[in-house]
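Novice: Build out the structure end to end from the sequences listed, making use of the hints.
The primary structure of each chain is shown beneath.
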Amino acid sequence: MSLKKFSELFGDLDSINSTNNKIEVLKRYFLSNEPIDNAWAIYLLTGKSNKRFISGRYLKNLFSNIYEYPQWLIDTCYLKVGDSAEVITLLLKNKTISRNKKLSNISLDELLSKIIPDLSKLNEDEKNIQIKHIWEALPEENHLIFNKILTGTFRVGVSIGLITKSISKLINIDEEIISHRLMGNFKPSIDSYEFLINKSINNEELNSKPFPFLLANNFEDKIFKNSINDFQFEWKYDGIRMQLIKRSGNVSLWTRGQELVNESFPELVDKMSYIKDDFVLDGELLVWNFKEQVAFDFSFLQKRINRKSPTRSIQIKYPIIFIAYDLLEINGRDIREIKLENRRIELEKYYSKWQNKTENNITDILRICDLIYPIDWTDALTFKEKSRENNTEGLIIKNKTSPYTSGRKKGIWWKYKVDPMQLDAVLIYAKAGSGRRAGLYTDYSFALWKDQELIKFASAYSGLTNIEIKELDKWIRKNTIEKFGPVRSLKPEMVFEISFEKIQISKRHKSGIAVRFPRITKWRKDKKINDADSLENAYKLMSKIS
Amino acid sequence: MRTKQEDLIRYKDGNLYCELADIWIDPSKPVKKALITHAHFDHFTFGCEEYISTYDTAILLKERVGENIKIKTFDYGEEFKINGINISFHPSGHILGSSQIRFIFAEEKWLISGDFKLQKDETCKQYEIVKTDYLISECTFGLPIFKWDETKKVANDISKWISNSPEKTSLLFCYSLGKAQRLLNEIQQTNFKGNIYSHSSIYKMNNCYKELGIDIKDTIKIDNKKKIDELKGNLILLPPSLSKGSYLKNFKNIQTAFASGWMSIRALRKRSGYDKGFAISDHADWDGILEVVKKSEAKNVFFHHGDSEALSKYLVERESINVLLFSK
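Those sequence lines, one after another, are chains A and B. Note that my numbering gives residue 81 to position 74 of the first sequence, counting from 1, and the numbers run on in steps of one. Note that my numbering gives residue 113 to position 111 of the second sequence, counting from 1, and the numbers run on in steps of one.
Just so you know, the hints here were simulated from the structure itself, not pulled from any lab data. Each residue gets a CB set at the ideal place from its N, CA and C atoms; glycine is no exception. Some hints could be false.
Taking lysine-lysine and the DSSO-like style, the derived pairs with C-alpha atoms no more than 27 Å apart in a straight line are [what the hints assert, rightly or not]: (1) B:Lys-315 x B:Lys-14; (2) A:Lys-11 x B:Lys-149; (3) A:Lys-485 x B:Lys-31.
Short derived list, chain A residues pointing at chain B, Cβ under 7 Å [stated by the list, open to error]: (4) Leu-80; (5) Leu-98; (6) Arg-443.
Sample of chain A residues with no beta-carbon within 12 Å of chain B, all distances over it, derived [what the hints assert, rightly or not]: (7) Glu-143; (8) Ser-166; (9) Glu-355; (10) Ile-369; (11) Ile-419; (12) Lys-463; (13) Glu-478; (14) Gln-511; (15) Lys-514; (16) Lys-532.
Specialist: And the structure:
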């Protein structure tokens, strides 16, 4: 019965908007299912691994071959639905499949630990036949789950935080503990579930795991009412947030996405063994420009993130640095409860000790963040505006008396980002969206003037309200010049204000520039296309910064 | 080979028009003479000099337009003549009174499907297969991703949805004419035993249906002022127009759903803003359209109301049926 129950759970979670109701539904599910199925459910819901067994394209081809269904028809349906797994699920409904009920009582565990992994052992022909068998043996209401797991696209509006809350309520143990237990490589097994819901807390097994991260809120104006002296100011780096942990001599490096990334950054892990103390540091990993003493652009970091065991030359070409801004644990003592200003004192104390007493110089790979000392709020704003000069995104403001809690708690940390750069650009292409935006034109390309020509400079898909999206979609359909598959070229008529964070030279783009995080911030209905910005203006922005 | 100009029925100013009889079908602007397939707002307009429809459609039309319109009615299957053309209405299974319209002129048959469905619906007459040479069909759901579940299953899902949240008032949004009455009829056959309330616009249509002899459950009338979150455990039917705007913001203890064929697609369900979607439609699904095209034995097919590109290509490639485009 349990795969059926999981399908129902998916349906329920998909159609409930209230967090409290989702928690109730999850609690009920956990109470009424086997531990092993619960473990798998958590594994799937938290997106711990979205391993792709076959691609969406493969799934569509397979269906087309088995049922002699025209490929173009499947593609047309896809444009409406926006998800391969769902298209095939809907089309399967339309096929009078000779159903047998062989798999009608299958458990989630059987599906995930046996049936699906077994598929990878087969050759292509056998695999195709086996998938067809599964479709025919599986009750209709389980097709979506099966197809989504196959294509690695299982997602539902449930965050790790929500799972944490549900388990926490289920067994009446603090969320922090559950959050801690859920971090890292959660392997679905009876043991892992039993550990998760264990009512006694065991420190040892939590040893290599990071603390739940404390997240910054967006800046709020009401902070201006407080004295500037109540806060600690830091630059906001554009790197990867991590906790660097050394306990009982073992080093582990964790991202906020709860991935253990020791293998990607071996030079950092190695150097840490020179430090005698045990510690948990919270900070930012960056690729560092040693000549200018600023961080390189995030794109440099991307060259390192997904590469395991980087070669020596990669390590030299993209040198990393860990900038620590908080000390959470020192020699086994959890100091998250003490005030930030005192934690900072500890951080500085230990860092200077490590600098002096470590035989091997660690300062080229581990640093602590500099603090900024604005004299008043106007001064703070001035600092913020200068942040582009040192390649940071703005300021992080921290309440000096705050403990290190978990999650995005109010009143502890704020991010105060520098205002984005903006250009007014002309909409020239639109592409149909996928997923939730299927069937609507929601991916847009924008152009700037160069002499009399409009040159594409950025693509953006976020920033419009649902009402605006619908309105624009209508306009797009009426003002199409040409269709190329899902893309339409449009009459140049609409002007939008595009905001972005960074602008740099790019040889890959016709415009010669690339911008980071472009998004629509205003539909400039008041502007005609001749009022749009030119590429020259974009170049000016660039020279202003460097 | 005939030319487009000679087509008995063609598209003119965005409407279906028969020049020989000087008559319009479901016109969107006032004309002299209008044949009306059914009483949904997008199929008629105010101010025509004369309307022609089935009796049930006429009653519903009068409820919506007013008593003073000039309207002639015919029974299903009853032939009448205009300028030498034999015209007749046939059940289309869409809503009460809905019809297909057949034209016969000089041995040539033309059939306008109107909005139609093949699924069983106790609140209106079952779709009748009508043979024709030319078929003008709607294709609102002209893609194979649309495959309707049995109405009974959907009705049970709705009943379950309500009873799973006894602490809430369940608001089911649906078109006030046709869908609402079909749902009432189906829900009364499920285990749901709570009260059902209808918004006044739906209540009015319920009464019309009852007067026309359709068996639907009694409901309690409510208007916009009612504090609906006090009606927990019960069901309220509301028109979709009320889901927009500020009306719902007044209520906390509610859950919402929309009953429409489009709700079979997750992306549309999510985008709709309702908590839940029930895929139930008064239009034919893909299989339904194909069945009608085949059983009508039409050699030539036109499509309107919907995206017909894929459907047309499929019929031409797979079924060797000649699909024509209206000249605009």
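Novice: Now tell me, hint by hint, if it's right for this structure.
Specialist: Structure-based check of all given hints:
1. B:Lys-315 x B:Lys-14: holds, 24 Å
2. A:Lys-11 x B:Lys-149: Since the Cα atoms of A:Lys-11 and B:Lys-149 sit roughly 21 Å apart, the hinted pair holds (cutoff 27 Å).
3. A:Lys-485 x B:Lys-31: Holds, because 22 Å separates the two Cα atoms, which is no more than 27 Å.
4. Leu-80: holds, 6 Å
5. Leu-98: This hint holds: A:Leu-98 lies near chain B, its Cβ roughly 6 Å from the closest one there, short of 7 Å.
6. Arg-443: holds, 5 Å
7. Glu-143: holds, 17 Å
8. Ser-166: holds, 17 Å
9. Glu-355: holds, 49 Å
10. Ile-369: holds, 49 Å
11. Ile-419: For A:Ile-419, whose nearest Cβ neighbour in chain B is about 30 Å away, the distance exceeds 12 Å, so it holds.
12. Lys-463: Check passes; 27 Å lies beyond 12 Å.
13. Glu-478: holds, 14 Å
14. Gln-511: holds, 35 Å
15. Lys-514: holds, 37 Å
16. Lys-532: holds, 22 Å
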